[in-house]
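Undergrad: Residue strings, one per chain:
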Amino acid sequence: MRLLIPLAIRLAYAAILVVAVIVLNFLLIRLAPGDPVETIAGAMGGMTEELRAELVRAYGLDLSLPQQLLRYLARMLSGDLGYSYFFNLPVSGLILERVPQTVLLVVVAVAVSLLAGTALGVLASRRPNGWFSQSLTVLSVVGYAAPVFWTGIMLIIVFAAWLPLFPVSGMDDIANAGNGWFAYALDVAHHLVLPVATLSIIYVAQYSNLARASMLDVLGADYIRTARAKGLSEGSVYFKHALKNAILPVVTVAGLQFGNLLAGAILVETVFNWPGLGRLAFESILRRDHPTILGILFCSACMVIAANLLTDLVYRAIDPRIRTGSR
Amino acid sequence: MKARGRMNGIRVAALALALTALVGASGTAIAQQRGGTLVMPMAQAPRHLNSAVQSGIATMGPAAQLFASPLRYDDKWNPQPYLAQKWELAPDGKSLTLHLVKNAVFHDGKPVTSEDVAFSIMTIKANHPFSSMLAPVEKVETPDPYTAIIRMSKPHPAILIAMSPALCPIIPKHIYGDGKDIKTHPNNSANVIGSGPFKLVEFKPGQHIVMERFDRFFIPGRPYLDKIIMKVNPDDTAIVVGAERGEFNLWTFAASARNIERLRKAGWIATDKGYEGIGPLTWVAFNLKRKPMSDIKVRQAISYAMDRDFITKSLHGGLSKPAFGPIVSSSPFYDASINPYRVDLKKAEALLDAAGYKKAANGERFAVTIDYIPGSDEQSKNVAEYLKGQLRKIGIKLEVRASPDFPSWAKRVASFDFDMTTDVVFNWGDPVIGVHRTYLASNIRNIIWTNTQSYDNPKVDELLNNAAEQLDPVKRRAYYAVFQKIVNEELPVAWVNVVPYYTVYDKRWRNLPLSIWGSMSPLDDLWWAGK
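Protein sequence lines correspond, in order, to chains A and B. Here the first sequence stands for residues 675 to 1001, where the numbers follow our numbering. Here the second sequence stands for residues -8 to 522, where the numbers follow our numbering.
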């Protein structure tokens, strides 16, 4: 019961937030010059006046802005995300088709960056002024500062063009698709390496630095001195006592950064031609495909809010003070 | 005894060898092999696969594999039988009779009849964006299941080209005639059923199209390929690297000199045949509603300032050809006697002086802007940037306006909010389909690729309308010759070059699509000589 009320309040806030996101994006998108009809004329290599008028009417582009907004909100609340102007297919279908690919990319990237980042940070904290720690700091700054798309292109050049170790783009090689799900899974994993590396580099940099600083902080605490005095092994001190406390800031930051990860996914998916939501969002903006853009933004908003809620719950699981504390 | 036996053996062997050599030398090459998968990139994602209601090369390529059409074309602009094994254009030009093959079936097994042909043609007429293609068609009669007679209100020689695979897919009436709006019909994206050589396996919008051989295709033995995979890949560099790594084995509409050279070095072959039907032109369009573009001397001066040889040789790596008229040089209607506007900066300056735009103290006569169509840097952005430097030499200050993406540029041009802009426009085979739309005064509209230049010359309108109805090819060419001379003089647009589209392919391909429509015609006789 104690859990339910704060959860319910949070969900209510989340709902209001999502509606605000939709309205804001609706208005923002229409600020861009050009409309979906121009895109379709471009895709068609020309258009007649009659067709143009028909499309304008069909897409409600001749209505006033508030009218269009209300129409969209009304439909959305009844669960209808509309039809893509460009593909004439339901937006929900387009999104559902792409969600698994983006989730795969993002979840693996989160896992890799958390594990690698924490591991590197902990290692570095053993000898804070050693060469490993110093070089990690330098590399972290570089990895953090480099733009995502640049990192991606560099990785393609080195590991896909010079040394043909990994595929250049895409998620799978349908032409040479092996038989059976295992061959397919291997193929996807092969294609996944470079995009995940690109997406995680920034976060590995952040988390390793954070983990290192956090570990150093924790290692200076009294209870660690007590543990050592008790005669516990170094491994036990590090992993059983120190890490559990040091990891809290890392988890917090990781949870808060989920939104950034999705944004980074757009760039990575575009560079690697990865068939995910991010690339669909990017292409839809270029096509002024309003229903698809709004549908994706709606889903992203929901995902970010869900991730924040999840972070909260994980926090409660890790930190007993919150569980039993005065909340 | 033994010696003679051995000699006989040797003689027989020698004879056998000689015979084999003869057979080989006579050129009877290896027979076509069945099998193989075509994997090609698509630069744009198609909206859907029904080319009866959607034009554009993104849809036409795959649709030409899924749907058959009454006629197909060879590389000499001659129509060839396809779904129609015989056809007659009436002497008065007002009807085209198609005699269909009797053994064609759709991918779901139902036969292709004249009812489907009639339904398809009237659907295309009602919905296709190229309205001039079938404008004079009034109805299609179907006296028997294998005869269709297209009745037109006036002679319309373009009707034959309008029967091409890219432009006239025969769609099944029993699927699309169910009353749903065909432009948003669900069978445009899933279960797309035609009678073409390949049937649809999977269409993931924005990602890829997978097609496989249709076993009951009406031409026996064809197609040879097992599968066709088309992947959406908008990045040229990724395509080239992927091609080198074997991820693709054919690339159409390649237009960048650098990429083509790179693949040539890797052992691929490049050919520019197969794009004569499309007839793509790069030009600089003028907004005749604005000063100083409204002055013909100014437009001519700008055309004289363009060094087309430099553009084609240096900017395009020698792959493109200069253009100075509205009809591509590969078209039968091209008139080579038009003014090539050989670069002449002195003449350009004299024209500007005569127009009354004298040089100010800082050497400037006037300032204008140029937009460029986003998409191909080589064809548009670089041309605009080049012009900036070139026009400065004759005293024109040119500001290059970048558009962030296609709809932004389209909005500007469609609302006549431009001085000059580069553009890439296709002829589409018969001038009636893709050329008239740029020059007819009746087509000045707020839509891209119409007469957004606001060009108005009644003499030109008359010539074009006469040419549209003229069946006699000699007379028709004469009309177009006069037309080309007039617009070449009056320059509503200043043509720059023919877009150098190339098909770049792995050397193991045989029987490439090299007709005037290239890869936008059925790939039923393409075969793979590799393993």
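It is worth saying that the hints were derived from the structure and are not from the lab. There could be a bad hint or two in this list.
[Said to hold, decoys possible] Covered stretches of chain A, as calculated for chain B (at least 3 residues, CB under 8 Å):
(1) 745 to 756
(2) 759 to 772
(3) 836 to 848
[Stated by the list, open to error] Result set (DMTMM-like, lysine to aspartate or glutamate): computed pairs, CA atoms no more than 20 Å apart in a straight line:
(4) B:Lys402 - A:Asp846
(5) B:Lys280 - B:Asp410
(6) B:Lys195 - A:Glu771
(7) B:Lys218 - A:Glu771
(8) B:Lys402 - A:Glu723
(9) B:Lys77 - B:Asp135
(10) B:Lys171 - A:Asp847
(11) B:Lys116 - A:Glu723
(12) B:Lys195 - A:Asp861
Just so it is clear, CB atoms sit at the ideal spot from N, CA and C, and this is done for glycine as well.
Undergrad: All hints are to be evaluated individually against the structure, with a verdict given for each.
TA: Verification of the supplied hints:
| no. | hint | result |
| --- | --- | --- |
| 1 | 745 to 756 | violated (count 0) |
| 2 | 759 to 772 | holds (count 6) |
| 3 | 836 to 848 | holds (count 7) |
| 4 | B:Lys402 - A:Asp846 | violated, 37 Å |
| 5 | B:Lys280 - B:Asp410 | holds, 9 Å |
| 6 | B:Lys195 - A:Glu771 | holds, 9 Å |
| 7 | B:Lys218 - A:Glu771 | violated, 23 Å |
| 8 | B:Lys402 - A:Glu723 | holds, 15 Å |
| 9 | B:Lys77 - B:Asp135 | holds, 15 Å |
| 10 | B:Lys171 - A:Asp847 | violated, 36 Å |
| 11 | B:Lys116 - A:Glu723 | holds, 14 Å |
| 12 | B:Lys195 - A:Asp861 | holds, 19 Å |
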